[in-house]
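Chain order of the listed sequences is B and Y. Here the first sequence is numbered in the numbering used here, starting from 1 and rising by one per residue. Here the second sequence is numbered in the numbering used here, starting from 1001 and rising by one per residue.
To be clear, the hints were calculated from the coordinates, so they are not data collected in a lab. There could be a bad hint or two in this list.
Think about it this way: if two alpha-carbon atoms lie no more than 27 Å apart in a straight line, the pair counts; the simulated BS3-like pairs of lysine-lysine are [unchecked claim]:
1. Lys1082/Y with Lys127/B
2. Lys1082/Y with Lys82/B
3. Lys127/B with Lys45/B
4. Lys1209/Y with Lys127/B
5. Lys131/B with Lys1131/Y
6. Lys1144/Y with Lys45/B
2 protein chains.
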Amino acid sequence: MPYELYYWDGIQGRGEFVRLALEEAGADYIDITREPGRGTGAMFKIMESESEPHIPFAPPFLRDGDLIIAHVANILFYLGPKLGLAPENEGLRHVANGLQLTITDFVAEVHDTHHPIDISLYYEDQKQEAKARSAAFIHQRIPKFLGYFERVLEQNPNGSGHMIGNALTYVDLSIFQVVEGLRYAFPKAMASRKAEYPALFALRDAVAKRPNIARYLASPRRLAFNEDGIFRHYPELDSAG
Amino acid sequence: MPYELYYWDGIQGRGEFVRLALEEAGADYIDITREPGRGTGAMFKIMESESEPHIPFAPPFLRDGDLIIAHVANILFYLGPKLGLAPENEGLRHVANGLQLTITDFVAEVHDTHHPIDISLYYEDQKQEAKARSAAFIHQRIPKFLGYFERVLEQNPNGSGHMIGNALTYVDLSIFQVVEGLRYAFPKAMASRKAEYPALFALRDAVAKRPNIARYLASPRRLAFNEDGIFRHYPELDSAG
Chain B
1 MPYELYYWDG IQGRGEFVRL ALEEAGADYI DITREPGRGT GAMFKIMESE
51 SEPHIPFAPP FLRDGDLIIA HVANILFYLG PKLGLAPENE GLRHVANGLQ
101 LTITDFVAEV HDTHHPIDIS LYYEDQKQEA KARSAAFIHQ RIPKFLGYFE
151 RVLEQNPNGS GHMIGNALTY VDLSIFQVVE GLRYAFPKAM ASRKAEYPAL
201 FALRDAVAKR PNIARYLASP RRLAFNEDGI FRHYPELDSA G
Chain Y
1001 MPYELYYWDG IQGRGEFVRL ALEEAGADYI DITREPGRGT GAMFKIMESE
1051 SEPHIPFAPP FLRDGDLIIA HVANILFYLG PKLGLAPENE GLRHVANGLQ
1101 LTITDFVAEV HDTHHPIDIS LYYEDQKQEA KARSAAFIHQ RIPKFLGYFE
1151 RVLEQNPNGS GHMIGNALTY VDLSIFQVVE GLRYAFPKAM ASRKAEYPAL
1201 FALRDAVAKR PNIARYLASP RRLAFNEDGI FRHYPELDSA G
């Protein structure tokens, strides 16, 4: 039975971290809301169900048989071993999950650069605050997070170019997505800092060249970044830092 | 060998979710930075290590032998089965983790009520923005999250008064902490809404009465809420909503 991924249609968003793992593994999955005749109604039906024993708070969530699993890091923790994208060792799987949760936190901060006050309002209604938050994000948070990820790559005792262990995991795929997203949203900030993160950019390049990922990125299944997603390019929020 | 918990001294903060699980289980643990002669130096030594293969991004983190595990939800996912505070079923453990990650997201939003623009600045430097963000938090986010948690309790097919399954898990303990924290930070908002969340408040009361938790709450190990933590009481941010 194929995995069922439930996420908003029309954006990469948080669902993309899950898609990259499913695509790399060549897994059999259905991106439910993009199926003809399904749409987001199928997603809301589960979220608003009054009989489902384990309702998710928000998308993305994954259905595997009767089990509904919510949150990107949790879905990847669940899928990782099944897809051959997690460390063999149980303890190291928790280390991988810790790295993924740091990515989760970073992605939430990316979102808040354009929605610092109220996620129910438009960006235009909180533009001044977004400028202030983005400036802090570019000057402090990007170096803090990317500097950390760079160190993780450097200190990997396997010296493998991977975030953990000596083989590709879902964490590497998520790092690819983070770097891609930041380059889209903050091209000036990223261009001015690129030289500081050689290992991160090397990992980004290595992931992009993997046959299944390259095929996915060239397919219509990979949506373009846009201003409805998490990573949004508003030129007024970007600066060389 | 006792578990070692690394977290900021002087606040409940995110570390408290881990402490509650360790205390309920009567586990042997050391709250490292509160040990005489240790302090936060012991924590930074690990975070800034250039040889440690798995460096954490931020506290809290847990050391169990050679393994260092970061992020609250990850620590609880790891400890849950060992402490008898997780479902037996592997799939349900992922459902529990999904609930805990929704709590994580909510706690991050609580933090941003007093730091909506820049976490490196003082609250006083972003007070106007904090008022706007808190108003949105009280009117939209508290009802959205607490309404969801209330539904989870109501729809638990075991009708057990627990967030998942028919026995206490770490998720229940975290819900206690969230309700306590919100009552401290936003007493007017919570008083005006209490009647809407009978199952949540009943769970809060049930957790507070558990012998190990009651003993912990009365001990000096339980710090008081204060304005350095996640849940801060700034009267100007609170309203009946």
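Hint-by-hint comparison with the structure:
About 47 Å separates the Cα atoms of Lys1082/Y and Lys127/B, which puts this hinted pair outside 27 Å; it is violated. Restraint check for Lys1082/Y and Lys82/B: satisfied, since their Cα atoms lie roughly 23 Å apart, inside the 27 Å limit. Restraint check for Lys127/B and Lys45/B: the C-alpha separation of about 34 Å exceeds 27 Å, so the hint is violated. Our distance criterion of 27 Å between C-alpha atoms is broken by Lys1209/Y and Lys127/B, whose separation comes to about 47 Å.
The straight-line distance between the Cα atoms of Lys131/B and Lys1131/Y is roughly 18 Å, inside the 27 Å bound, and the hint therefore holds. For the proposed pair Lys1144/Y and Lys45/B, the alpha carbon gap of about 17 Å is at most 27 Å, so the pair holds.
In terms of the numbered hints stated before, the structure departs from hints 1, 3, 4, listed from lowest to highest.
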